[in-house]
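Novice: Protein chains in written order, with the numbering used here: chain W, 24 to 162; chain V, 161 to 319.
Take the hints with a grain of salt, since some may be wrong.
To be verified - One-sided and incomplete, this derived list gives chain W residues near chain V with beta-carbon spacing under 7 angstroms:
1) 34
2) 38
3) 43
4) 44
5) 72
6) 78
7) 132
8) 146
As the list claims (entries may be wrong) - 25 angstroms max Cα-Cα, derived PhoX-like pairs, lysine-lysine:
9) V:309 with W:47
10) V:291 with V:224
11) W:35 with V:308
12) W:117 with W:128
13) V:291 with V:178
14) W:76 with V:164
15) V:291 with W:47
16) W:116 with V:268
17) V:195 with W:140
18) W:47 with V:258
19) W:82 with V:304
20) V:191 with V:178
21) W:157 with V:191
22) V:164 with W:82
23) V:308 with W:31
24) V:195 with W:82
25) W:82 with V:191
26) W:35 with V:195
27) W:31 with V:304
28) W:76 with V:268
29) V:164 with W:47
30) W:47 with V:195
31) V:291 with W:35
32) W:35 with V:309
33) W:76 with W:35
34) W:31 with V:178
35) W:35 with W:47
36) V:258 with W:82
37) V:304 with W:35
38) V:258 with W:128
39) V:309 with W:82
40) W:47 with V:308
It should be emphasised that the hints constitute simulated quantities derived from the structure, not laboratory data.
Here the structure is a predicted model, which means the values were calculated and not measured.
Yeah, the Cβ is synthetic: ideal placement off N, Cα and C, and Gly gets one too.
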Amino acid sequence: MESDRIEKLLGKYLEASTSITEEKELRTYFTQESVPTHLEQYAPMFQYFSVAKEERYTKQLSLKTKRFNYRWLSIAAMAVLFFGIYFGNEYQKKKEAQYAYNETKKALTLLADNFSKGTEKVAYLNEFENAKQKIYNKN
Amino acid sequence: MPFKDKLYRLAKRLLVSKEEAEDATQEILMKLWSKNENIGNYNNVEAFAMTMTKNFCLDRLKSKQAGNLKLVHSNYGDDSTSLQKQVEVRDSMGWVEKIMEELPEQQKMVLQLRDIEEYDFDEIGELLDMKPTAIRVALSRARKTVRKKLMQKHSYGIG
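Work out the full structure: start from the sequences and follow the hints.
Specialist: Right under this line is the structure:
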């Protein structure tokens, strides 16, 4: 009955001159139950093709977001680093200024102390002058 | 992505191992994703993706050739003891898979694209950069090889 046509199609199939619809016909023919014994050898081939078409990609795509996170993480790290360097410098400068201020203050105090010592001596000299004036006035 | 299964099946056909194929598919999908903005410029995204998959897998194979590729299949001779018809059929289908693994890469791809994914010759030609006559020859050879080897296995199994 139909097997004549199928045999013809198989011949064409092996020469790769069947059309897609004809190949579909072969596939449906061999996936049904009753296949004549002399054609049975072809069955696994077409059955396999039909089964193989059903295979699915089931793995979830999970790495995508992770990779983006890494990128953003590196950007954030860079930002933090730059801020750190910038503000670190600022802080360092502040500290230096404070130190310089303290040193100057110390030096100025020292100067002031010595000055006051000087003025004391000068005040003493003044006393001497007063006494001298008194003596002059008496004479 | 409606054609990701096709990408996966092509990758699996070429790389054989399930894990490798999954990795490859993921890689390709990611590459596609990163090209998201200008994807409209390609008039056929599916063909583009398939070509990418093909190239990626072939590169993989090339880089692995120095390694341990050849140990995958050599020990499937002892599966002739199955008694039930169903098991037998399933075995034969496994054979077809194994036989396809042994085909040269080009024939493998042509057979995959034609008999499983039902692409027409123009599409296959575009994907594999082959002329229609060359495709026809490769396809015919692949089909004949599969049939021949299947018959060998079959007669061993029965007789």
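Novice: Hinted pair, alpha-carbon criterion (25 angstroms max): residue 195 of chain V, residue 140 of chain W. Please report holds or violated.
Specialist: violated, 84 angstroms
Novice: Just to be careful: measuring from the Cβ of residue 146 of chain W to every Cβ in chain V, is the smallest value less than 7 angstroms?
Specialist: This interface hint is violated because 88 angstroms lies over the 7 angstroms limit.
Novice: Less than 7 angstroms between beta-carbons is the criterion; does residue 72 of chain W satisfy it with respect to chain V?
Specialist: Holds: closest Cβ of chain V sits about 5 angstroms from residue 72 of chain W, inside 7 angstroms.
Novice: Taking 25 angstroms as the top limit, are the C-alpha atoms of residue 116 of chain W and residue 268 of chain V close enough?
Specialist: Not OK: residue 116 of chain W and residue 268 of chain V at ~71 angstroms, beyond 25 angstroms, violated.
Novice: Assess, step by step, whether the Cα of residue 291 of chain V is no farther than 25 angstroms from the Cα of residue 47 of chain W, and give holds or violated.
Specialist: holds, 23 angstroms
Novice: Quickly compare the C-alpha distance for residue 76 of chain W and residue 35 of chain W to 25 angstroms and report which way the hint goes.
Specialist: holds, 22 angstroms
Novice: Against the 25 angstroms threshold, does the CA-CA distance of residue 47 of chain W and residue 258 of chain V hold or violate the hint?
Specialist: Measuring from Cα to Cα gives roughly 23 angstroms; hence the hint holds.
Novice: Hey, residue 258 of chain V versus residue 82 of chain W, does the alpha-carbon distance stay inside 25 angstroms?
Specialist: Within the cut-off at roughly 24 angstroms; holds.
Novice: Does the structure keep residue 35 of chain W and residue 309 of chain V at a Cα separation of 25 angstroms or less?
Specialist: holds, 19 angstroms
Novice: Holds or violated: residue 117 of chain W and residue 128 of chain W, Cα atoms, limit 25 angstroms.
Specialist: holds, 16 angstroms
Novice: Taking 25 angstroms as the top limit, are the C-alpha atoms of residue 309 of chain V and residue 47 of chain W close enough?
Specialist: holds, 23 angstroms
Novice: Does residue 268 of chain V lie within 25 angstroms of residue 76 of chain W when you go C-alpha to C-alpha?
Specialist: holds, 15 angstroms
Of the numbered hints listed earlier, those contradicted by the structure are 1, 4, 7, 8, 10, 13, 16, 17, 19, 21, 26, 30, 34, 38, 39.
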